[in-house]
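Peer 1: Given the sequences, and given the hints that come with them, work out the whole structure.
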Amino acid sequence: MSRPVSRASVLWAIVRKDVREYTRDRLWAFLTVFTLIVTVGLYWVLPDDVDESIRVGVSGISDPLFLSGLETAEAEGLDLVVYPSAEDLEAVVAREADAFATGAVATVIRHDAGVNAPEGADKVNAQLGLAFPDDFVAATSAGERTNVTVYIDAAVPDELELAMSSLVRELAFAIAGQQLPVDTSNPMEVFVVLGEDRVGNQASARDGFRPIFVFLVLLMEMFVMASLIAKEIQDRTVTAILVTPARIGDILAAKGISGAMSGMAQAVIILIAIDSLTPQPALILSLMLLGSIMVAGTAMLAGSTGKDFMSTLFWGMAFMIPLLIPAFAALFPGTASTWIQIMPSYPLVQGLVDVTTYGAGWAETLPELGGLLAWCVALFALGWVVLRRKVQTL
Amino acid sequence: MSEPAIRVDDISFSYGDIEAVKGISFEVAPGEILGFLGPNGAGKSTTIKILTGQLTPRSGAAQVLGVDVTTDDPEMQANIGVCFEEKNLYDTMSATENLRFFGSLFGIKDVDTDGLLRRVGLADRAKDRVSKYSKGMRQRLMMARTLVNTPKVLFLDEPTDGLDPVSSQAIRNLIKEEAARGAAVLLTTHDMHEADELSDRVAFINEGKLHAVDTPESLKLRHGKRSVTVRLREGDTVTERSVSLEDADAGELLKTAVASPDLMTIHTEEATLEAIFIEMTGRGLEG
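Chains as they are written, first to last, in this note's numbering: chain A, 648 to 1041; chain B, 148 to 434.
Where hints are given, some of them may not hold.
Stated by the list, open to error - Counterexamples of contact, computed for chain A against chain B with all Cβ distances above 12 Å:
{"no.": "1", "residue": "VAL652"}
{"no.": "2", "residue": "VAL657"}
{"no.": "3", "residue": "TRP659"}
{"no.": "4", "residue": "TYR669"}
{"no.": "5", "residue": "GLU734"}
{"no.": "6", "residue": "ALA744"}
{"no.": "7", "residue": "ASP745"}
{"no.": "8", "residue": "ASP759"}
{"no.": "9", "residue": "GLY761"}
{"no.": "10", "residue": "ASP782"}
{"no.": "11", "residue": "ILE799"}
{"no.": "12", "residue": "LEU889"}
{"no.": "13", "residue": "THR891"}
{"no.": "14", "residue": "LEU932"}
{"no.": "15", "residue": "PHE975"}
{"no.": "16", "residue": "VAL1032"}
Unchecked claim - Computed beta-carbon distance windows for the label pairs:
{"no.": "17", "chain 1": "A", "residue 1": "TRP986", "chain 2": "B", "residue 2": "ASP157", "range": "54 to 60 Å"}
{"no.": "18", "chain 1": "A", "residue 1": "PRO1014", "chain 2": "B", "residue 2": "SER206", "range": "52 to 58 Å"}
{"no.": "19", "chain 1": "A", "residue 1": "ALA965", "chain 2": "B", "residue 2": "GLU344", "range": "28 to 34 Å"}
{"no.": "20", "chain 1": "B", "residue 1": "LYS256", "chain 2": "A", "residue 2": "LEU689", "range": "28 to 34 Å"}
Hints listed in this document are in silico derivations from the structure and should not be mistaken for laboratory results.
Positions of the beta carbon are idealized from the N, C-alpha and C atoms, including for glycine.
Peer 2: Listed below in structure tokens is the structure:
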């Protein structure tokens, strides 16, 4: 007696079976819970604030108006030290001299001078210096163009150059009461362009690690799915399904659904646990859904290549390590290299950083969403084809 | 005469350059058990894979319940049961869960798991995970799974291979019950006793070719020696003499032997299926 059986009920039966198998596997169940606990724990242990205090040497100040501007700058996290002259400032930044706090103006002693440091004075060497011209206040008050020389140690990140330019502009604004065309030039680095002032808006270690933690959970999901798929192939249980009314497409679709579902569920759990599902929950969930589908496709690839536990582990690692690179790259400020930007996981990581750290919206995240969707389709299709071929040749 | 449940017409299949099945033809009627006898690598499992839609034949045609096996028709799969050689069960699930899952693939919501497990003697272990089962228990569960959709055609690939005598007999009884219910059974085995006990007809397959398809009795009659062995006591020793029934004086010789006070035993020599297989193919079944 034949019974009509719908594709949906077959699909649902396989998905339920996959979820049951997943939860019954003690190793993967343990690793899943362990990863969730460890990542959430680590997230909350990491510092949430950033010490943005930067020691900056300045020279050429004497005007009270100028000093009030400097106080404002100090309130924004700059530890300003007044140096006697532009030459002294350049020598300290160039590491040819040391500066010591001995009063309102630091004492600068050149290394080749053969003079001992003042007793009890703290060393106040700066890696950044702003040499203001003598006519800075007069020129800015009159609305005239003027130049400020910025000295920067080679080890200082590019972002600080922008911060210095911003500081000079703010000082000019404080003095003149309006926006002025102030140029900053850096004799060691050629020229510094005024840019976005990120002072007070730096990403903390917690923010930096957020995409890594979320992505780590997705990668763990990839391992689990790959292992379950490989086991189904090795045990030939998949052939037992194929001699029922279930079709190969049902099996593949079920794997995709169960993989994406569990990946998404875990990603949501961790995002809630690290309080990162706001302020754009729909956008974050969209990113995570696409990421989960991409990871499910990758799991199909890894699972169909693995012949046993060790080879599945090997192939899982082979896929995981390159995918992790963009997540680690997000830890460092600046734009990622082109080869990192073309990695499948880059749009997901960058999208998460933009949304959760810098509050980007749908419009700003559109390029990442598009890139992620393209990778998602490509990897899922590839995983589908490879797994289908594998099952057919059993 | 009823329509055959399985009809195979000159099918062939190759794995790359290796020809696994070479133009075989046979039929299996509803309620009939066809024993597919052959050594490992003879083409038995490949034939089952073709008939269950797992492989597409290179040439020829095959129908199961009137459906072309190459059409990938779920209607056919809904009415067959396959017992694989490998124990492909879900280890992390219990017997009941395994049966329910496969039942759901057939669209059966209320699988009689208790009844099925009772039939294979696993009712008391229904809730245990399969990973805790012995080989024999797994095989019995495989049989229960094969019957989950009350199939009209059963494909059984070495269902008693490597099992203890008790488990083997339990599975043989089950096969007989299913055939009595009306299911057509294609049973592959290299156990000649099993084939002899269960099969209505046997098919000899070797190196992808069918060498014979007939009832065990007919094969024995055609290929057996038709002789009688007489054992007589001679002092402290025993002599054994084979009397061919084809000989003209066979009747007299047997009369004399029966009348002799030294007669110990007298028995017929019946050809075994294995002996016939060797005679026809030139190789044994255990290869």
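Peer 1: Compare the structure with each hint and give your call.
Peer 2: Do the hints match the structure? See the list:
{"no.": "1", "hint": "VAL652", "result": "violated, 3 Å"}
{"no.": "2", "hint": "VAL657", "result": "violated, 6 Å"}
{"no.": "3", "hint": "TRP659", "result": "violated, 8 Å"}
{"no.": "4", "hint": "TYR669", "result": "violated, 9 Å"}
{"no.": "5", "hint": "GLU734", "result": "holds, 76 Å"}
{"no.": "6", "hint": "ALA744", "result": "holds, 71 Å"}
{"no.": "7", "hint": "ASP745", "result": "holds, 68 Å"}
{"no.": "8", "hint": "ASP759", "result": "holds, 76 Å"}
{"no.": "9", "hint": "GLY761", "result": "holds, 79 Å"}
{"no.": "10", "hint": "ASP782", "result": "holds, 81 Å"}
{"no.": "11", "hint": "ILE799", "result": "holds, 61 Å"}
{"no.": "12", "hint": "LEU889", "result": "violated, 6 Å"}
{"no.": "13", "hint": "THR891", "result": "violated, 4 Å"}
{"no.": "14", "hint": "LEU932", "result": "holds, 30 Å"}
{"no.": "15", "hint": "PHE975", "result": "holds, 35 Å"}
{"no.": "16", "hint": "VAL1032", "result": "holds, 18 Å"}
{"no.": "17", "hint": "TRP986/A x ASP157/B: 54 to 60 Å", "result": "holds, 58 Å"}
{"no.": "18", "hint": "PRO1014/A x SER206/B: 52 to 58 Å", "result": "holds, 54 Å"}
{"no.": "19", "hint": "ALA965/A x GLU344/B: 28 to 34 Å", "result": "violated, 53 Å"}
{"no.": "20", "hint": "LYS256/B x LEU689/A: 28 to 34 Å", "result": "violated, 46 Å"}
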